[in-house]
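> Each residue of the sequence shown is one higher than the last, beginning at 1 in UniProt numbering.
It is worth saying that the hints were derived from the structure and are not from the lab. A few of these clues could be false.
Claimed, not checked - Listed below are the simulated DSS-like cross-link pairs for lysine-lysine, each with C-alpha atoms no more than 25 angstroms apart in a straight line:
| # | residue 1 | residue 2 |
| --- | --- | --- |
| 1 | Lys157 | Lys110 |
| 2 | Lys365 | Lys380 |
| 3 | Lys256 | Lys271 |
| 4 | Lys250 | Lys180 |
| 5 | Lys180 | Lys128 |
| 6 | Lys215 | Lys157 |
| 7 | Lys130 | Lys180 |
| 8 | Lys250 | Lys271 |
| 9 | Lys157 | Lys256 |
Claimed, not checked - Distance windows between CB atoms, simulated:
| # | residue 1 | residue 2 | range |
| --- | --- | --- | --- |
| 10 | Cys263 | Asp217 | 16 to 22 angstroms |
| 11 | Asp302 | Gly233 | 31 to 37 angstroms |
| 12 | Glu224 | Thr165 | 48 to 54 angstroms |
| 13 | Glu291 | Arg336 | 48 to 54 angstroms |
The model shown is predicted, which means the values in this text are computed figures rather than measured ones. Using N, Cα and C, we set each Cβ at its ideal position, and we do this for glycine too.
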Amino acid sequence: EPPLDVSILVKSAPHSRAVAARMTILPDGIVCMVLRLLAQGRLNEAADTASQAAGNLSPYDSSMVWQSVLKALVHQGSLESAVWCIERMIEAAVPISLLTFNTLLSSCAKAGDLKVAERLWTTMGHSKVKRNRVSYNIMINACAQGRNLRDAERWFKEMLYEGHTPSRVTFGTILDCFAKAGSVQQAEACATLMEQSGFPLDHIIFNTLLNACAKADDHARAEEWICRMLDQGVEPTVKAYNSLVSVYSKAGMLPKAESWFRCMENRRYCKPDFIIYSSIILAAARLGDVERTVSWMNEMIDAGFEPSGCCFNALLQVCARSRCFNAATAWNEKMRDAGLWASASTYTVLINACISANDLGGAAKWVSLMVEAGHELDSKTLRTLSRIPPGPTMEGGRHWGRA
Numbered sequence: 001e002p003p004l005d006v007s008i009l010v011k012s013a014p015h016s017r018a019v020a021a022r023m024t025i026l027p028d029g030i031v032c033m034v035l036r037l038l039a040q041g042r043l044n045e046a047a048d049t050a051s052q053a054a055g056n057l058s059p060y061d062s063s064m065v066w067q068s069v070l071k072a073l074v075h076q077g078s079l080e081s082a083v084w085c086i087e088r089m090i091e092a093a094v095p096i097s098l099l100t101f102n103t104l105l106s107s108c109a110k111a112g113d114l115k116v117a118e119r120l121w122t123t124m125g126h127s128k129v130k131r132n133r134v135s136y137n138i139m140i141n142a143c144a145q146g147r148n149l150r151d152a153e154r155w156f157k158e159m160l161y162e163g164h165t166p167s168r169v170t171f172g173t174i175l176d177c178f179a180k181a182g183s184v185q186q187a188e189a190c191a192t193l194m195e196q197s198g199f200p201l202d203h204i205i206f207n208t209l210l211n212a213c214a215k216a217d218d219h220a221r222a223e224e225w226i227c228r229m230l231d232q233g234v235e236p237t238v239k240a241y242n243s244l245v246s247v248y249s250k251a252g253m254l255p256k257a258e259s260w261f262r263c264m265e266n267r268r269y270c271k272p273d274f275i276i277y278s279s280i281i282l283a284a285a286r287l288g289d290v291e292r293t294v295s296w297m298n299e300m301i302d303a304g305f306e307p308s309g310c311c312f313n314a315l316l317q318v319c320a321r322s323r324c325f326n327a328a329t330a331w332n333e334k335m336r337d338a339g340l341w342a343s344a345s346t347y348t349v350l351i352n353a354c355i356s357a358n359d360l361g362g363a364a365k366w367v368s369l370m371v372e373a374g375h376e377l378d379s380k381t382l383r384t385l386s387r388i389p390p391g392p393t394m395e396g397g398r399h400w401g402r403a
């Protein structure tokens, strides 16, 4: 075990001069001894030592002994031992404030230790301290950070059952949890309850609802929410439009995606970003529409955004499948000018398209570029090359089959 820093214990355990006078170096001695016993796993001895020291003091001074041990444990990050200390304090009838409980609960949540947090929650139930809204918020937030939707929802329902009114922060946290899981109905029910509780929906909540719809690929509900957003005078953000355009793009509904893009473009305070351009480019490429893919790539570049390797690869592949080899060559050069190289799978698609079109010279060119880019000819590429009939050779006299 690392040596205990006594100076930290002194700072974390404020005590009166009277206590220090009656107990020889309280933090340095008793507290240090208790912590060392805990570190050695000698829990009963630690409890006895603290109890004996506290038993000779007034209730206030006795409380200071336990508080000193507790604060030192929290400072060290020994949360399980800190809960043990709380349990011993309850046994010794030492008063514990709600603030102390919530502070320790928050420390457990920040450490991501839900098991210890739930143990402390049970311990709170055994004390006379009543849990409040803050207590529930801490548990809900801890579950949300751990992507534990089921437990977050359980704590939220218990919070309502116990008569605590959720705050805007609580609603936002649980809504975000539902959104990340793509649970549209639960997110919408939570938003309704939020409005009924007197909290109007703002752009953050609308964005969260749109994110839930996008996660669930529910374009109809996404459009309803952004229309409601506009009707209520809430200005949609770039994030809101991104969610809507993305869900239409994934569904292959390119005209709808383009329509909402233009709507966004006409808004005074909301301009398209890199993400929304990329969504439409990838959607057009998936549909095999070379003309629209090229058009959106050019528009993206004109807007001052540099297309990603993903966008370039999608464009090269759609050009290959449409046998637009000249366009593929031109865009490959632009891609290299941007310091990017096509992926191995893209080169394979281009080689395969050239072979299918009986353009062996084009296939040879793409093989050379693939090797130049540092890609090895994998099994998929070699299978593609094996489709070439016997006879043709590459430059230098090598047979295709040995490429």
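> If any of the earlier hints don't hold here, list their numbers in rising order.
5, 7, 9, 12 and 13
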